[in-house]
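Heads up: the sequence shown begins at 243 in this note's numbering, then just goes up one per residue.
In short, the hints are calculated from the structure, not lab data. Fair warning: this is a prediction, and the values are worked out from it, not measured in the lab. Among these hints, one or two may not hold up.
[As the list claims (entries may be wrong)] In silico SDA-like cross-links for lysine to any residue, where the CA-CA straight-line distance does not exceed 25 angstroms:
#, residue 1, residue 2
1, 375, 358
2, 353, 381
3, 261, 500
4, 468, 506
5, 468, 502
6, 381, 247
7, 261, 341
8, 468, 499
9, 381, 244
10, 452, 499
11, 261, 475
12, 452, 301
13, 353, 452
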Amino acid sequence: MLLRENVLYTKARAGQLCKALVIRLVTNPLVVHLAKNAGFDVLWVEMEHSTFSITEASQLASAGTLAGLTPIVRVPYECGMGYVQQVLDSGAMAVVFPHIVTVEDAKRSVKMCKFPPLGKRSLWLQQAAVGLKTLPMQKMAEEINAQASAVGMMIEAADSIPNVDAIAAVDGVDMLIVGCIDLSTDMGIPGRVDVPEFRAALEAVSAACKRHNKIFGLAGNYNDLKFQDWAINTLGARLVLCHVDSNLISIGAIECVKRISSIDGTVRPNGTSSNGTVPNGKALSSGAVSDGNGVQNGHIEVKEEK
Numbered sequence: 243m244l245l246r247e248n249v250l251y252t253k254a255r256a257g258q259l260c261k262a263l264v265i266r267l268v269t270n271p272l273v274v275h276l277a278k279n280a281g282f283d284v285l286w287v288e289m290e291h292s293t294f295s296i297t298e299a300s301q302l303a304s305a306g307t308l309a310g311l312t313p314i315v316r317v318p319y320e321c322g323m324g325y326v327q328q329v330l331d332s333g334a335m336a337v338v339f340p341h342i343v344t345v346e347d348a349k350r351s352v353k354m355c356k357f358p359p360l361g362k363r364s365l366w367l368q369q370a371a372v373g374l375k376t377l378p379m380q381k382m383a384e385e386i387n388a389q390a391s392a393v394g395m396m397i398e399a400a401d402s403i404p405n406v407d408a409i410a411a412v413d414g415v416d417m418l419i420v421g422c423i424d425l426s427t428d429m430g431i432p433g434r435v436d437v438p439e440f441r442a443a444l445e446a447v448s449a450a451c452k453r454h455n456k457i458f459g460l461a462g463n464y465n466d467l468k469f470q471d472w473a474i475n476t477l478g479a480r481l482v483l484c485h486v487d488s489n490l491i492s493i494g495a496i497e498c499v500k501r502i503s504s505i506d507g508t509v510r511p512n513g514t515s516s517n518g519t520v521p522n523g524k525a526l527s528s529g530a531v532s533d534g535n536g537v538q539n540g541h542i543e544v545k546e547e548k
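Let the hints inform the model, and build the full structure from the sequences given.
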């Protein structure tokens, strides 16, 4: 009865890679078309590191569902059950909880997301995941519990690593996602994904996921293809956050200016062009450069009459 399948269950659990685009800046739901055109499977709506409102997250999640992209929402740390309830009721098909350290953290997160008997979530009979159709209460609860309320744990603290096997064993937990930035920072090696102790931490998470048939995810590393290759093809990561909308805009903007600057031959006030040439100017006896219109080093060139 779901509007769209949840790829976390149909694809990731089948051993296929799910590619996610993180949205933390762009609130216009039209951005979903760009994600779909690019070939992403998952729309990760970032609410821990953004200023998104519940309404904006709902619009993005609903647009993602209609476009065939499974919407995952990462909620803020310790946001509370009421906040999680709104996120799920308004369109998220999965919720990711940051900074999970203990088994108790994991169990509490599951209870927020699942209807009884699996959890304590309040049941509203018109759910976005089924297109606001009214279904019999038991059928609605069972359908949403099974397919449209996936639960993800962010593993991003050094203290969480000894507990990852027990966390993965919790009934209702679907994903363990390593936050590379926070985890490496908390381990005292910020950004050093190549060091043995960090690699060992990821291996522990991967092993726990394999042992308990949970999805292993990777976040916070967007440019190290060799590291991503290892995580995907050796450790078995099946959910990868490929990039962030704000990062992609920044990368594109920098590259655009760099490319245009490489062909910019206009004269600057100091008498040189942006690319080091002066195609439209002329050298003067003073050593300065004129642009041919009387502009010399940012000043009007005064010609003496003889």
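Here is how each hint holds up against the structure:
no., hint, result
1, 375 <-> 358, "holds (20 angstroms)"
2, 353 <-> 381, "holds (19 angstroms)"
3, 261 <-> 500, "violated (29 angstroms)"
4, 468 <-> 506, "violated (36 angstroms)"
5, 468 <-> 502, "violated (31 angstroms)"
6, 381 <-> 247, "holds (17 angstroms)"
7, 261 <-> 341, "holds (22 angstroms)"
8, 468 <-> 499, "violated (28 angstroms)"
9, 381 <-> 244, "holds (12 angstroms)"
10, 452 <-> 499, "violated (45 angstroms)"
11, 261 <-> 475, "holds (14 angstroms)"
12, 452 <-> 301, "violated (34 angstroms)"
13, 353 <-> 452, "holds (23 angstroms)"
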